[in-house]
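There are 2 protein chains.
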Amino acid sequence: MQNFKPRLSVEQVEEGHDLSPKFDANGLIPVVTTDADSGEVLMMGVMNDDALRLSIETGEAHYYSRSRQCLWHKGATSGLVQTIVEMRIDDDQDAVWLRVRIAGGASCHVGYRSCFYRAVPRGGGPLVFTESEKAFDPIEVYGDAPNPTRL
Amino acid sequence: MQNFKPRLSVEQVEEGHDLSPKFDANGLIPVVTTDADSGEVLMMGVMNDDALRLSIETGEAHYYSRSRQCLWHKGATSGLVQTIVEMRIDDDQDAVWLRVRIAGGASCHVGYRSCFYRAVPRGGGPLVFTESEKAFDPIEVYGDAPNPTRL
Numbered sequence: 001m002q003n004f005k006p007r008l009s010v011e012q013v014e015e016g017h018d019l020s021p022k023f024d025a026n027g028l029i030p031v032v033t034t035d036a037d038s039g040e041v042l043m044m045g046v047m048n049d050d051a052l053r054l055s056i057e058t059g060e061a062h063y064y065s066r067s068r069q070c071l072w073h074k075g076a077t078s079g080l081v082q083t084i085v086e087m088r089i090d091d092d093q094d095a096v097w098l099r100v101r102i103a104g105g106a107s108c109h110v111g112y113r114s115c116f117y118r119a120v121p122r123g124g125g126p127l128v129f130t131e132s133e134k135a136f137d138p139i140e141v142y143g144d145a146p147n148p149t150r151l
Numbered sequence: 001m002q003n004f005k006p007r008l009s010v011e012q013v014e015e016g017h018d019l020s021p022k023f024d025a026n027g028l029i030p031v032v033t034t035d036a037d038s039g040e041v042l043m044m045g046v047m048n049d050d051a052l053r054l055s056i057e058t059g060e061a062h063y064y065s066r067s068r069q070c071l072w073h074k075g076a077t078s079g080l081v082q083t084i085v086e087m088r089i090d091d092d093q094d095a096v097w098l099r100v101r102i103a104g105g106a107s108c109h110v111g112y113r114s115c116f117y118r119a120v121p122r123g124g125g126p127l128v129f130t131e132s133e134k135a136f137d138p139i140e141v142y143g144d145a146p147n148p149t150r151l
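For the record, the sequence lines run as chains A and B. 1 is the number of the first residue of the first sequence in the numbering used here; add one for each residue after it. 1 is the number of the first residue of the second sequence in the numbering used here; add one for each residue after it.
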C-alpha cells in the first residue's frame with residue numbers, strides 16, 4: 001500500500017515530489033471529480049486515508065460516505081464505477097482532483113449526468129436546469145436505498 | 001441582497017428552483033473553481049454566507065479564507081480577479097461550482113496556472129509536475145504576505 005510522507009516543510013509540500021496529503025480534523029480530504037473528456041464537474045466528495053490509498057492502488061474512485069459513515073467504492077451499488085484517468089493533488093495537498101471515465105456516463109444519485117445540473121443566475125433568481133433529462137432512473141438503479149441528501 | 005430559501009424537503013432541494021444552500025457546522029460551503037474555457041480545475045476553496053451572496057451579486061468570485069479567517073475577494077491582492085461565467089449548485093446544495101475567467105490567466109499562490117499542478121501516479125510513486133513553469137512570480141505579486149499553506 002502507498003505510504004504517505006510526513007509534512008516537513010512548506011517547500012516540500014508545495015514544490016516537492018512527495019505525496020503528503022493533509023486530512024482535516026475528521027480525517028477527510030475534499031475531492032472534486034470531473035469527466036476526463038468534457039471537463040464537466042461531476043461531483044464533490046471526500047476521502048479518508050483508506051479511500052485515497054485504494055483509489056491510487058486500484059485506479060477506481062473510492063470515497064468516504066459521510067451519510068453512511070463508511071468507505072464507499074463508487075458504483076458498487078449503481079454500477080456507475082469511476083475509472084481514474086488522472087489524479088492530481090493541489091499546492092498545499094489538502095484537496096484532490098480526479099479526472100474519470102464513468103461506466104454508463106452518469107454520476108449523480110438523482111439520475112443526472114453531473115450532480116451540478118442547476119445554474120445560479122447572476123444577481124439571483126430561480127435556479128436554471130442545465131440538463132433537460134435524467135441519464136438513468138434512480139429508482140431502477142438504487143431501489144429503496146435511503147436517499148443520501150440531508151436537510 | 002440574495003435571500004436563500006429555507007430547506008423544507010428533499011424534493012425542493014434536489015428538483016426545485018429555490019437556492020437553499022447548506023452551510024456546514026462552521027458556516028462554510030465547499031467551492032470548486034474551473035477555467036470556463038479549458039475546464040481545468042483551478043482551485044478548491046470555501047464560501048461563507050456573505051461570500052456566496054457577494055459572488056452572486058457582483059459576478060466576481062469571493063471566498064472565505066480559512067487561513068486569514070476573513071472574507072476574501074479573490075484577486076484583491078494579486079490582481080488575479082475571477083470573473084464568474086457560470087455558477088452551479090449540486091444536487092443536495094452543499095457544494096458550489098464556479099466556471100471563471102481569470103485576469104492574468106493564473107490562479108495559484110505558488111505561481112502556477114492551476115493549484116493542481118502535480119499528478120499522483122497510479123500505484124503510487126513520486127508526484128509528476130503537469131506545469132513546466134510558473135505563470136507569474138509569487139514574490140513580485142504577493143511580496144512578503146504570509147504563505148497560506150499550513151503544515
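Keep in mind the hints are simulated off the structure, nothing from the lab. Hints are supplied without guarantee of correctness; some may be wrong.
To be verified - Only pairs whose alpha carbons sit at most 25 Å apart, straight line, appear in this in silico BS3-like list of lysine-lysine:
| hint | chain 1 | residue 1 | chain 2 | residue 2 |
| --- | --- | --- | --- | --- |
| 1 | B | K22 | A | K134 |
| 2 | A | K22 | A | K5 |
| 3 | A | K22 | B | K5 |
| 4 | B | K5 | B | K22 |
Claimed, not checked - Which bits of chain B does chain A cover? Going by a derived footprint, with three or more residues having C-beta under 8 Å, they are:
| hint | stretch |
| --- | --- |
| 5 | 38-51 |
| 6 | 82-94 |
| 7 | 102-108 |
| 8 | 139-150 |
Said to hold, decoys possible - Part of the chain B face toward chain A, derived, beta carbon under 8 Å:
| hint | residue |
| --- | --- |
| 9 | L54 |
| 10 | E57 |
| 11 | C70 |
| 12 | L71 |
| 13 | R118 |
| 14 | V120 |
| 15 | K134 |
| 16 | A135 |
Quick reminder that beta carbons are idealized off the backbone N, C-alpha and C, glycines included.
Is K22 (chain A) close enough to K5 (chain B), meaning Cα to Cα at most 25 Å? violated (34 Å)
Under 8 Å is the threshold here; is the Cβ of V120 (chain B) close enough to any Cβ of chain A for the hint to stand? At about 4 Å, which falls below the 8 Å cut-off, the nearest Cβ of chain A leaves the hint on V120 (chain B) intact, so it holds.
Was the hint right that A135 (chain B) lines chain A, CB cutoff 8 Å? violated (13 Å)
K134 (chain B) as an interface hint toward chain A, with CB separation required under 8 Å: Nearest chain A Cβ about 10 Å off; hint violated.
Measuring from the C-beta of E57 (chain B) to each C-beta in chain A, is the shortest one below 8 Å? holds (7 Å)
Hint validity - L71 (chain B) Cβ closer than 8 Å to any chain A Cβ: violated (19 Å)
Next item in the hint list is L54 (chain B). Is there a CB on chain A closer than 8 Å to its CB? violated (12 Å)
When I compare C-beta atoms, does the stretch 139-150 of chain B have three or more residues closer than 8 Å to chain A? Coverage by chain A holds here, the residue count being 4 at a Cβ distance below 8 Å.
Between the stretch 102-108 of chain B and chain A, are there enough contacts, at least three residues with CB-CB distance under 8 Å, for the coverage claim to hold? violated (count 1)
Holds or violated: is there a CB of chain A closer than 8 Å to the CB of R118 (chain B)? holds (6 Å)
K22 (chain B) and K134 (chain A) were given as a pair; does the straight-line alpha-carbon distance stay at or below 25 Å? Since the Cα atoms of K22 (chain B) and K134 (chain A) sit roughly 24 Å apart, the hinted pair holds (cutoff 25 Å).
Under 8 Å is the threshold here; is the Cβ of C70 (chain B) close enough to any Cβ of chain A for the hint to stand? violated (18 Å)
In this structure, the earlier hints numbered 3, 7, 9, 11, 12, 15, 16 are contradicted, and the remaining ones agree with it.
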